[in-house]
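There are 2 protein chains.
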Amino acid sequence: MDPKTYLDNHRQQRIDELFEFLRFPSVSARSEHKEDVRKCAEWLNKHLNKIGLDSQVMPTAGHPVVYASRLNPKNKTTILYYGHYDVQPVEPLDLWKSPPFEPVVKDGYIYARGATDDKGQLFTHVKGLEAFLASGQDLPVNVKLLIEGEEESGGENIVEFVNQNADRLKADIIVVSDSSMFDKNQPAVTFGLRGVAFVEVKIIGPDRDLHSGGFGGSVPNPINVLSRIIASMHDDDGRILIDGFYDDVKPISDWEKKQLDKLPFDKDKYLAKVGCKGLHGEKGYTVFEQIWSRPTLDVNGITGGYQGEGGKTIIPSWASAKITMRLVPDQEPEDISRKIEAHILAHCPDYVECEIVKHGGAGSVSVPTEGPWLEAAARAIETGFGIKPVFMKEGGSIPVVAAFKSILGLDTLLLGWGQNDDNAHSPNEKFSLQDFDRGCYASLALVEELSKVEV
Amino acid sequence: MDPKTYLDNHRQQRIDELFEFLRFPSVSARSEHKEDVRKCAEWLNKHLNKIGLDSQVMPTAGHPVVYASRLNPKNKTTILYYGHYDVQPVEPLDLWKSPPFEPVVKDGYIYARGATDDKGQLFTHVKGLEAFLASGQDLPVNVKLLIEGEEESGGENIVEFVNQNADRLKADIIVVSDSSMFDKNQPAVTFGLRGVAFVEVKIIGPDRDLHSGGFGGSVPNPINVLSRIIASMHDDDGRILIDGFYDDVKPISDWEKKQLDKLPFDKDKYLAKVGCKGLHGEKGYTVFEQIWSRPTLDVNGITGGYQGEGGKTIIPSWASAKITMRLVPDQEPEDISRKIEAHILAHCPDYVECEIVKHGGAGSVSVPTEGPWLEAAARAIETGFGIKPVFMKEGGSIPVVAAFKSILGLDTLLLGWGQNDDNAHSPNEKFSLQDFDRGCYASLALVEELSKVEV
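First to last, the protein sequences are chains R and Z.
Residue numbers for the first sequence follow our numbering, beginning at 8 and rising by one.
Residue numbers for the second sequence follow our numbering, beginning at 8 and rising by one.
Chain R with its partners taken away, still in its complex shape:
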């Protein structure tokens, strides 16, 4: 029996197994679920051993990592799969139409917490590998699986783990399925992620709130000052005015522009999706370029003075803002943080005090568009889905993918099988049963395609 026939013949079995996996309430952010998270790791570990991988549960400072491999000296290529077995919290529970840890199939979708993010997507690769091993063939590539348990709780332990196990994790390419297709029935290969830099700024005027009648007109108002600083960061065309901000930004390549221009865009649908009266972005770029290929600066929160009902006639003592910038190649988070700091200090008048905290960031991620990996992934997806994938990018950051590049020197293929409206972090999370199936076939094809890449 060849691997594809094995997949054909075991459809119900892999759904049943996924349901077993989904029944663990492996909510990493909630301490009351610590034991459930551990049990989920152990189930996964046992399952990976059962299908023929060499798997173990490895401790971290937080929830454990499941690490599995199957290595054959004959194979030239090594794939490192990354995924996570932990899930988001389920609150608000009363909005769920069926219990989050009792998976059901309805209208062609699997409903359960973790269905798409990431148990279901991860499981397609487990089943793809199993199809090879169960069919009596050995794998044509070496495989390593790194499956963490705190992706949803912002743990930094995975980066530490990668650092500590850099030799063990050596590979040629990384595969992650933890995102979405471009659209329903339109699979995609994601060839880039934006990075992020995060700073906080606090402007301090008087050492306490002052009466705005008694003192207004003579003392600096930190909210007015902060507003002027924030306003100084963009021009009317949405371009960022921080000195040197664009120095390392490359022009969008012809290939990239061509890929993005191919994607259908309906302004009215997009407006409805974001719920805005109008759009506003950097002039001279399409929306896909604005959200994927161009850097941004957004204030995520601002606070200062009296915020309750009614009024309070004060000049507040201070005001502060949280600011993140989304970065593109080759902007570096530390460099950009230094540049915004310099901008703030240059625009901050000397009659107030200014405190700036530069938080860590994450670099952007680019999958080389000219090497063999993207094309191999695209062929595998076309085989699995029966649809040619598009090439797209993602505006958010996946810090661990940036860490794979910086620590291991490896590129990552981002092959999302989910859909944008899968409710990944909301009640009634779902995953298309058809996409689960097609993902398994695509995973199988991916192993074959990647084994043919010259490394």
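Because the hints were derived from the structure by calculation, they are not lab data.
All figures in this text were calculated on a predicted structure; none of them were measured in a lab.
Some clues are possibly wrong.
Copies of the same chain look alike in the list, so a pair counts if it fits in one copy or across any two.
Derived DSS-like pairs (lysine-lysine); straight-line CA-CA distance at most 25 angstroms [claimed, not checked]:
#, residue 1, residue 2
1, Lys209, Lys11
2, Lys209, Lys280
3, Lys395, Lys264
4, Lys53, Lys41
5, Lys113, Lys274
6, Lys269, Lys395
7, Lys319, Lys209
8, Lys83, Lys41
9, Lys284, Lys209
10, Lys53, Lys269
11, Lys346, Lys319
12, Lys290, Lys365
13, Lys265, Lys104
14, Lys257, Lys346
15, Lys319, Lys11
16, Lys113, Lys53
17, Lys11, Lys57
18, Lys177, Lys412
19, Lys284, Lys319
The hints should help you fit chain Z onto chain R, whose structure is shown.
Here is chain Z on its own, set in the frame of chain R:
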């Protein structure tokens, strides 16, 4: 016995009586003190009747008003005194060095809640009138006393009361002692108050918080938009850029400039008082002109997006700000609110929604500097304090004083006997025993001086 001798001979008695007045916890803002407020009004009413006035407790929709008068057809001039018998809450109680409603004298100061604001200051006029009546002379003027019980809880009932009793309250001049001297040992006549206008603005972008990675660059950020709107309201010299804002502002008169220039100003002391690194105000004006004679615009509070610890990479759905403007003659609150509304709408891009709420305001107050009243008050203060008063203004607003002008058509003499550091709304409120004394003598002299003014 003449009135002055009566004051000389009854020093301890008037302190004892003030202490009785101070022992009532007449905290108007706390419903648990409603009965204490009523008892305080009744004590005051009884006291005013005892000294020879015709006093009554009159209901309002909130706490009652104490209204007293003594009218003699022979007198040409009528003085209306305004004050309040309610006090601020006492919290935080643990910071009080002696119980707030057990008055004590220490180092020449009376310590108690209400000592300066306003029971102590109000009581100087009660004792000044008593000195006349007890000495066997009748008063050379008609007097009316309007003493309210919810000045400290922002009640609007007093304005309604004034409206309903406009005929009863007819007078020639109003006297209020509920503020501070220019400095210790430097009494003052306050010849103007700034007005106030208050608006709230809310900018709405997406209909919910959006992921700043997924959408950043394509949708408007309400915090960035609001900051630009706020920044558009001032130029670098601190001048307000709202169209027509200064249209009705009169140049500072030579007389006023001369009075303010006479007042000593020490920049370092002022900086220490406001606790700021530096000062910032409208270029071309002194600090006294900035805080008393020029209009201002201050954001009192701003809020939007994520304000907790750490970061949250969102484009917030909305951001809002509370903005007050301090007004000078002849700016009208309604007109100024309309002008800032027009400015905000003109500066608000059409890709966001904008909600503006115009709250009520209060007009500025000017005591005519050329009529006889200011000079009469100045002579009385010099008699009572033995020190020539300065002429100053106050940057805050006293809405009831603006209402006296608009409803009754009457000017108000603002004769504060307090000191800036009396802790009027803080723990350990105090009132100088010497100023209490000097205030009584000044009040006595004021009756005589005002009786001589041609009306």
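Against the structure, the hints come out as follows:
no.: 1; hint: Lys209 x Lys11; verdict: neither (59 angstroms within a copy, 58 angstroms between copies)
no.: 2; hint: Lys209 x Lys280; verdict: between (33 angstroms within a copy, 22 angstroms between copies)
no.: 3; hint: Lys395 x Lys264; verdict: within (18 angstroms within a copy, 80 angstroms between copies)
no.: 4; hint: Lys53 x Lys41; verdict: within (19 angstroms within a copy, 71 angstroms between copies)
no.: 5; hint: Lys113 x Lys274; verdict: neither (31 angstroms within a copy, 74 angstroms between copies)
no.: 6; hint: Lys269 x Lys395; verdict: within (13 angstroms within a copy, 84 angstroms between copies)
no.: 7; hint: Lys319 x Lys209; verdict: both (21 angstroms within a copy, 17 angstroms between copies)
no.: 8; hint: Lys83 x Lys41; verdict: neither (39 angstroms within a copy, 87 angstroms between copies)
no.: 9; hint: Lys284 x Lys209; verdict: between (31 angstroms within a copy, 14 angstroms between copies)
no.: 10; hint: Lys53 x Lys269; verdict: neither (44 angstroms within a copy, 89 angstroms between copies)
no.: 11; hint: Lys346 x Lys319; verdict: between (36 angstroms within a copy, 21 angstroms between copies)
no.: 12; hint: Lys290 x Lys365; verdict: neither (28 angstroms within a copy, 34 angstroms between copies)
no.: 13; hint: Lys265 x Lys104; verdict: neither (42 angstroms within a copy, 76 angstroms between copies)
no.: 14; hint: Lys257 x Lys346; verdict: within (18 angstroms within a copy, 45 angstroms between copies)
no.: 15; hint: Lys319 x Lys11; verdict: neither (70 angstroms within a copy, 43 angstroms between copies)
no.: 16; hint: Lys113 x Lys53; verdict: neither (29 angstroms within a copy, 80 angstroms between copies)
no.: 17; hint: Lys11 x Lys57; verdict: within (19 angstroms within a copy, 107 angstroms between copies)
no.: 18; hint: Lys177 x Lys412; verdict: within (12 angstroms within a copy, 84 angstroms between copies)
no.: 19; hint: Lys284 x Lys319; verdict: between (31 angstroms within a copy, 23 angstroms between copies)
The structure shown violates the earlier hints numbered 1, 5, 8, 10, 12, 13, 15, 16.
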